[in-house]
Structure formats: C-alpha cells, structure tokens
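2 protein chains.
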Amino acid sequence: MQLLIGSEGTLAVVTKIVLRLLPLPKVQVDLLVPYDDFQAAADTVSDIIAHHIVPATIEFMERDSVLAVERLLQKEMPHHDAAAHLLIQLDGHRREAVDADYEVVGELCLEHGARDVLVARDQRTRDRLWEARRLIIDALNDESPVNHMEDVAVPRAELPPLLQGIKEIGRQRGVRVVCFGHAGDGNVHVNVLKDGIPDERWETLMPTVSEEIYRLALSLGGTITGEHGIGATRRQYLPLALDDAQIELMRRIREAFDPNHILNPGKIFPG
Amino acid sequence: MQLLIGSEGTLAVVTKIVLRLLPLPKVQVDLLVPYDDFQAAADTVSDIIAHHIVPATIEFMERDSVLAVERLLQKEMPHHDAAAHLLIQLDGHRREAVDADYEVVGELCLEHGARDVLVARDQRTRDRLWEARRLIIDALNDESPVNHMEDVAVPRAELPPLLQGIKEIGRQRGVRVVCFGHAGDGNVHVNVLKDGIPDERWETLMPTVSEEIYRLALSLGGTITGEHGIGATRRQYLPLALDDAQIELMRRIREAFDPNHILNPGKIFPG
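If you're matching them up, the sequences are chains A and B in order. Add 9 to the 1-based position in the first sequence for the working numbering, that's all there is to it. Add 9 to the 1-based position in the second sequence for the working numbering, that's all there is to it.
Because the hints were derived from the structure by calculation, they are not lab data. Just so you know, these numbers come straight off a predicted model, no measurement behind them. A couple of the hints might just be wrong.
For identical chains, the list gives no copy identity; a pair is met inside one copy or between any two copies.
Unchecked claim - SDA-like mimics (lysine to any residue), calculated; alpha carbons at most 25 Å apart, straight line:
hint, residue 1, residue 2
1, 35, 205
2, 276, 13
3, 84, 245
4, 176, 68
5, 25, 166
6, 176, 257
7, 176, 157
8, 25, 116
9, 35, 63
10, 276, 12
11, 35, 102
12, 25, 267
13, 35, 262
14, 35, 105
15, 84, 129
16, 25, 252
17, 84, 173
18, 35, 247
19, 176, 137
20, 203, 256
This is chain A alone, in the form it adopts within the complex (with noise of 0.2 Å):
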C-alpha cells in the first residue's frame, strides 16, 4: 500500500479500495491555545506525544496567519498577539477518556508558558476556536491574489528552527512569509506572497525562496513536501532530497509496473 500511496498516478490505476471504517468518535473536545513563543508551543506538542496522549489534530498558526485573518474579518481575533496558536483535537469513545486526556493536555500547555487554554465542547464554540485556522488561506487571497505555498515536513522538534528560518528566509528575500500547518506531523504549510513585489522579479524570486525552503528542511532531517507531492513543480529538486541511485531505483520501479510509460508520463522524474 505504501509503495502505491504518493506515487502519483505513476505506477497504477487504483479501480477498487477496501477501507477500514472505525467508528466515528462520540465525544470531542478543542483547545485554541495561544502561546508567546514558538518553541513552548512545540515542546507542548512533543510532551503530549510523550505522554502517549494521540490526539486527533494538533495545528499550529504562527501570529501572522492570524492577524491576516483579523484584517479580512475586520474583528479582533483571541489573542491576537500571540506567537503562536496551537488548535488541538482531542476525541474518543467515552467522555472519561476524553476528559482525563483533556486534563492532562491542558495542564502541559499551561506548564510550558501557555497564556491561556480556550476550550469548545460544542459545535458553536468549536467553530469559532476553528475560525481564524479556517479562514486563513481566503484572508492570504483576498490580501495578495497571487501566493505559492510550499508545504516542507520535518521531525517534529524541528519545527521551531525551520520556522524561524523560513521567517529569515522571507526578511532577507524581502518577500511576505506566512506559516501554518500540521504540529503533529511536523508538516508547515508556508505561504509566499507577491503583495506588491513585479511580475519579472517574482518570477526569480519564488524559485530562488522555495530552494533555500527545501534546503532548510533538507538540513533538519525532514523533506521538500510533506502532503502536496512532487508532481511537476517540484520535480526538477527531486535530485535536493535524494541522491542519483535513490531516483534510479525509483525509476527502475516505475518501469517495472509500467514499461510503456502510460501512467501519469512527466510527473516525479526529473527532466
């Protein structure tokens, strides 16, 4: 299944899947939780790991995404100010498994210098903990219609050294960077934003600030894509993230499932 899953289309048409269903969970709780540093946010995220609590989402918005999301709704969002927000999904079958989780999650943000630990038990309260994530990419839109998001994973305790990097990535580019993305997974969804920058010279840029992205997730240990897949824009820095005999066996697998090169022809390989 794994070998299938993220080739794109290359190696097979899948014509009938069989899926585990489980059980939709009867009980669900949301934390919004705002912290004014990003590392305390990250170290909460690996404690909770630690203490063998899985929750369903961890998402993480860094304070820009936020503030994006304040001037499209033209209203203060909670904790606006904050670093960093973490979104975490807690859910299970019996009310005291999912409350004794929620205890302890609650207890570890507030330990690592959480400012405060905001809590939905109900849909109306969940949908507004959910509104500034939800909104995010409409309020990068409607404020730059052009962006490229970039989508880099790494192993979680990496997060904080791969944001402030993109961060400086962004500054010394001169160009808008706005981050959020998937805490547990280590995946950040990275937006670069035009804003005003001229059609010539973001066509150089964006290239230039995508490679020095890769590369920084690269030297943390993690990957160019976490979600979006190689495809074709990414296919030309394919040779960043694995060496030549890593892509021949890949290619060698390719052609054993398709010798006619029938499958999806141009995505993955480089040129």
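Using the hints provided, position chain B relative to the given structure of chain A.
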C-alpha cells in the same frame, strides 16, 4: 517500508533502522475469558473493536490446546473444558483509562456468553493466566515431537468458519489438528500433529492437509501465511494465492532491486 517488510531479504539488505519509540505503558490488565462456543468468542472480539478499544493483544486458544497443556503439567487448568479461551491484554498510560476499557471489555465478554472473566493486575496472577498459552507449543511437542505448523490468516469475522473448517479437515484426513493464535489479527497457528502416523503416510498427508488449509483460508478472503512468510516452504503454493500477473509484477520489482539475483535467491518465487 511496506515494500521491504515481508520481502524476506529478496529486495535489500537493511543496514540502519530508525525506530519510533513509544513510552512503555504504565498500567496493564490481563483477562482470561472462557467460552462454551468459539463463535461467541469471535463475536466478542469484533464487538470490542467496534467499541473503539484496541487491546495490546487478543489471543485465543481452542480446547484441545488447553487440554494438551493440562496433560503436560498434570494439573487442572481453569475452565479446561471451555470450547475456547480469549486472552486479552489491555494497557495504557493512565489507570482510569485502562480501567474504563477493562469495564467495557468485561461486560462485552459476559454479554456474549463468556463463562467467567478472570482478571490479573499483578505479575504473579498474570503469569498464571498466560501459563496455558505459553506452554501450548511445549505441550504439543511433548506429545508429538514431529508436527507441522501453518499460520493462515483471515478477516476477523471469518475466524469461526476457518476454525471449524480446519478441524473438519483434520477429522477427514485422520490427523490431529490443534489451533491457537491471534484473534485480533485473524491469524491462526495451526498445528498438525504426526502422533503415531507412519513416516511414509505423513510425507504425503502433510502437503495435502496444508494445501486444504490454504484453500480454505483463501476461500474466506484470507492469506496462506500471516506471520511466517512464504520462504522456501510455501513458494510452490504462492500461485494459489496470487495470479500470474501479480507474481510477474513481484518478480519485476525484485528485478528492479536485485538484477543479479544475489539477495536470498530461491525464496518466495515458485520454481
């Protein structure tokens, strides 16, 4: 990872493994649950999983395996005349969570007609509950030093017809067959005992019995081996489980990794 795992050394030599460690569970509860009917035990397993509870292990033993241990130890085992036993191990990080799971599991067992639910919370009681399971192989070897083990697997819901069919094969072929295994995985360890069968008859009988067991497992949507692998012993039976196109694709993947056929030659692929 899934491509290499189970490839039995035919695709690569592993030189480095990075393990993701989980903290050892702090709390453990073990249950030994006797049933008068294997179907009821299997239904309990499905119901436990439908309740979103994931035990560390759910083992089963059929009566003949417990009786063999009794003869070895020359003492009476608890509920030795039960048709089947489940051994369920629950673990976790927090006492309350494990206890909550244990309450639900215990009730489900009784609802499905378990005779009793024997509980172990300390190592001494735990060792007593697991004694029969740990000694099955010794007991069978003691009674029949020559025997043959298969390890077919089927979807969990098909365990009862699999067990029933295996016992029937044994009766028809005049050979003693004793089963135990991993009820949570649908994986059955089938022990075919030579007992007093003459060597010559055993040599022809054993492959027949094995093939009948494989065909039964496949007819129930299962596989000819759950854990033990194809290796050299089962490679002539691979075409029962996979069609020509599937085996040819596996050969081509092996070719991609090992064009010189130096990695564990002679394994997996039929003649």
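Hint check results:
no. : hint      : verdict
1   : 35 x 205  : neither (48 Å within a copy, 56 Å between copies)
2   : 276 x 13  : both (14 Å within a copy, 24 Å between copies)
3   : 84 x 245  : neither (43 Å within a copy, 71 Å between copies)
4   : 176 x 68  : within (18 Å within a copy, 52 Å between copies)
5   : 25 x 166  : between (38 Å within a copy, 21 Å between copies)
6   : 176 x 257 : neither (35 Å within a copy, 50 Å between copies)
7   : 176 x 157 : within (15 Å within a copy, 63 Å between copies)
8   : 25 x 116  : neither (45 Å within a copy, 38 Å between copies)
9   : 35 x 63   : both (16 Å within a copy, 16 Å between copies)
10  : 276 x 12  : both (16 Å within a copy, 21 Å between copies)
11  : 35 x 102  : both (5 Å within a copy, 21 Å between copies)
12  : 25 x 267  : within (19 Å within a copy, 30 Å between copies)
13  : 35 x 262  : neither (43 Å within a copy, 44 Å between copies)
14  : 35 x 105  : both (12 Å within a copy, 19 Å between copies)
15  : 84 x 129  : within (20 Å within a copy, 57 Å between copies)
16  : 25 x 252  : between (34 Å within a copy, 17 Å between copies)
17  : 84 x 173  : neither (28 Å within a copy, 67 Å between copies)
18  : 35 x 247  : neither (42 Å within a copy, 43 Å between copies)
19  : 176 x 137 : neither (28 Å within a copy, 59 Å between copies)
20  : 203 x 256 : neither (33 Å within a copy, 51 Å between copies)
Violated hints, in rising order: 1, 3, 6, 8, 13, 17, 18, 19 and 20; the structure is consistent with all others.
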